[in-house]
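K.L.:
Take a look at the letters that make up each chain.
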Amino acid sequence: MSLHTARFVLPETRAAYQSLLERAAQHYRERPDERAVIFVPAGNAPHKPITYRAFFENAARYAETLRGLGVGRQDLAILVMDHSEALLYAFWGALMLGAMPSIFPFLSDKLDPGLYFERVRQLIGLSGAKVVIASAQYVAALAALNSGVPIVNEAALQPSEGAPHFNPEVRGEDIAFLQHSSGTTGLQKGVALSHGAVLNQIANYSAAIRLRTDDCIVSWLPLYHDMGLIAAFVLPLVQGIPLVLISPHHWVRDPKVMLHAISQYRGTLCWLPNFAYNFLAQRVRDNALEGVSLASMRAFINCSEPMRAESHRQFAARYAPYGVKPEMLATCYAMAENTFAVTQGGIDTLPKIDLISREALSAQHIARKAVEGERTIEMLSCGKPIPNCEVQIVDEARQPLPERHIGEVAVRSDSMLSGYYRRPDLTAQALFNGWYLTGDYGYIADGELYITGRKKDLIIVGGKNIYPQDLEAIADEVPGVKAGRTVAFGVEDERLGTEAIVMVCEVETDDADERFEIARQVRMRVAQQTEVTLSDVYIVDAKWLLKTSSGKIARGANREKYLRERDGKT
Amino acid sequence: MSAEIRDAVRTFILNNILRRPNYKLGDDDSLIKGGLMDSFSLVEVQLFIEETFGFRPDDVDMTVENMDTVRMIADYVAAHR
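Chains as they are written, first to last, in the working numbering: chain P, 1 to 570; chain U, 1 to 81.
Where hints are given, some of them may not hold.
[As the list claims (entries may be wrong)] Quick list of in silico lysine-lysine cross-link-like pairs, BS3-like style, CA-CA up to 30 Å:
hint, chain 1, residue 1, chain 2, residue 2
1, P, Lys-384, P, Lys-352
2, U, Lys-24, P, Lys-48
3, P, Lys-482, P, Lys-455
4, P, Lys-256, P, Lys-189
5, P, Lys-547, P, Lys-561
6, P, Lys-547, P, Lys-482
7, P, Lys-456, P, Lys-552
8, P, Lys-455, P, Lys-369
9, U, Lys-33, P, Lys-256
10, P, Lys-384, U, Lys-33
11, U, Lys-24, P, Lys-189
12, U, Lys-24, P, Lys-561
13, P, Lys-189, P, Lys-369
14, P, Lys-384, P, Lys-455
15, P, Lys-189, P, Lys-547
16, P, Lys-189, P, Lys-456
17, U, Lys-24, P, Lys-482
18, P, Lys-482, P, Lys-384
Just so you know, the hints here were simulated from the structure itself, not pulled from any lab data.
Just need the whole structure built from these sequences, with the hints factored in.
P.N.:
Here is the structure:
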């Protein structure tokens with residue numbers, strides 16, 4: 001990489017463009033033959049380079065089809081598709097029309113298809129979607145839902161006629177797209193992001209990561225989460241940076257594919273959830289890495305779940321022989337409600353590590369630097385706020401706290417959500433005087449943000465946001481489980497570098513075989529109805545679970561009780 | 001012979017993936033659809049097969065459809081080793 005020829009890219013995006021479409025149209029006009037995306041199919045099929053011309057002409061077929069169905073500016077289109085080239089075009093096609101695409105989480109092998117399509121039907125009802133775009137193999141099941149909206153079969157689209165049309169009426173305040181997280185709870189919270197907010201995020205974040213014209217992004221991330229959708233799909237298309245895109249299902253089966261792609265295309269940027277550093281460090285063999293060089297990389301950016309310095313160390317040590325250097329490791333704190341990034345660390349310097357006193361943290365809620373001989377916690381910095389983004393730590397009364405005091409992280413920026421789609425009540429709860437209350441606990445030291453825990457009831461597994469109440473509702477339905485007497489929570493799994501999910505269920509029976517069968521049922525139903533797998537189903541007697549003074553099951557207290565019993569036994 | 005392969009597969013899964021040596025894992029219990037392990041664990045199963053049986057299963061074979069029970073994994077090993 002030669003420093004003198006490369007230029008930083010487009011921090012001026014915000015001022016120069018009204019909508020994402022103006023920027024896309026410019027790439028189509030000015031650089032039609034350059035590679036926009038290199039699509040890496042699963043299996044042994046050849047990689048497919050896609051030029052800007054081909055990309056937007058394919059996307060235009062979707063725009064035309066939707067227009068023909070009466071879908072227009074600011075109508076919602078739900079994309080129920082596999083990870084595929086067609087998904088990329090469908091998303092941009094809806095955008096080009098000024099409609100709002102929302103990518104539904106992918107159907108995986110373990111999910112129950114009937115329940116999956118039922119969730120789609122619920123979302124159509126909740127959101128007032130005007131159309132569904134579907135992969136061919138889902139069309140029949142979607143049609144059978146009788147949801148009252150047209151189903152577009154991606155395989156039956158007509159070729160486009162004439163040049164693509166980028167709707168010039170789209171304005172900065174128009175909603176560009178919605179991001180949903182999965183599960184019953186997540187589907188009710190569609191994060192609506194405007195063209196202006198997304199452009200601002202792209203400009204701000206590009207400056208924070210010093211995005212360059214000679215960068216190349218390599219990603220296996222799913223496009224229905226903010227990290228994959230923004231950092232590794234919308235950002236490269238808008239900035240004109242090539243994107244090498246691998247299917248998440250492919251990567252899970254064959255993690256080395258990402259490393260080979262970096263080597264082959266001289267990748268420079270890659271975003272990963274924390275568990276991926278452990279996964280790549282532990283489960284790829286040397287004999288799968290012949291000829292691989294990762295020396296072209298500028299940054300592996302850790303984002304979307306709690307970050308661990310140990311995961312970085314494992315990854316850096318494992319891949320040092322392949323050209324990975326500690327200065328390539330970077331950190332980021334992000335959320336869909338801010339479009340994506342809030343902070344960025346590790347681009348100009350190594351990510352900071354803060355050794356704090358365990359005692360001061362738990363007793364005083366202060367992140368005091370540890371002194372010699374004290375029990376410590378190693379905190380990995382999320383870095384500094386990106387441009388045009390402010391971070392504050394606030395107390396219960398939402399008043400700002402001084403440095404190193406633990407409180408809730410609040411964010412204010414020019415890239416925030418317009419609201420939760422059709423849910424002004426949820427929007428009002430989440431915002432306070434223009435600040436978004438993240439539900440995360442953390443502190444600021446020397447201008448850098450550290451995340452210590454979570455106020456909201458949320459489990460993050462491998463970067464996926466899971467609401468425990470969705471899991472508990474599934475367990476409540478299992479015969480033999482005392483309804484309403486279940487609790488789900490995350491516990492740290494150091495080996496995997498992520499959270500493991502535990503479900504505690506009270507049951508009536510004390511017959512060991514019956515208890516085993518109940519646990520089996522709980523595990524199976526959660527696997528088939530959600531994106532996650534339980535690591536432990538802990539069956540207990542009636543009255544085991546602790547309640548709060550208001551009579552609710554106390555997740556935190558029951559988590560502590562579980563850990564005491566588990567660790568007492570081993 | 002196939003019973004031996006099944007026992008080896010079962011022992012590996014109980015000790016290294018589930019980390020509960022005493023769990024009653026039947027030959028036909030669904031591992032991934034049954035929620036006992038996630039699909040990331042298939043990479044570990046693949047490495048185990050490579051180390052123990054001396055051949056590396058094709059990446060495209062490491063799917064839930066092919067590898068969801070002890071019997072399926074053992075049959076795959078028996079057919080390909």
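K.L.:
Run every hint past the structure and note whether it holds.
P.N.:
Against the structure, the hints:
no.	hint	in the structure
1	Lys-384(P) <-> Lys-352(P)	11 Å, holds
2	Lys-24(U) <-> Lys-48(P)	46 Å, violated
3	Lys-482(P) <-> Lys-455(P)	27 Å, holds
4	Lys-256(P) <-> Lys-189(P)	35 Å, violated
5	Lys-547(P) <-> Lys-561(P)	12 Å, holds
6	Lys-547(P) <-> Lys-482(P)	15 Å, holds
7	Lys-456(P) <-> Lys-552(P)	15 Å, holds
8	Lys-455(P) <-> Lys-369(P)	23 Å, holds
9	Lys-33(U) <-> Lys-256(P)	25 Å, holds
10	Lys-384(P) <-> Lys-33(U)	42 Å, violated
11	Lys-24(U) <-> Lys-189(P)	40 Å, violated
12	Lys-24(U) <-> Lys-561(P)	26 Å, holds
13	Lys-189(P) <-> Lys-369(P)	38 Å, violated
14	Lys-384(P) <-> Lys-455(P)	22 Å, holds
15	Lys-189(P) <-> Lys-547(P)	27 Å, holds
16	Lys-189(P) <-> Lys-456(P)	14 Å, holds
17	Lys-24(U) <-> Lys-482(P)	24 Å, holds
18	Lys-482(P) <-> Lys-384(P)	47 Å, violated
In summary, the numbered hints that this structure violates are 2, 4, 10, 11, 13, 18.
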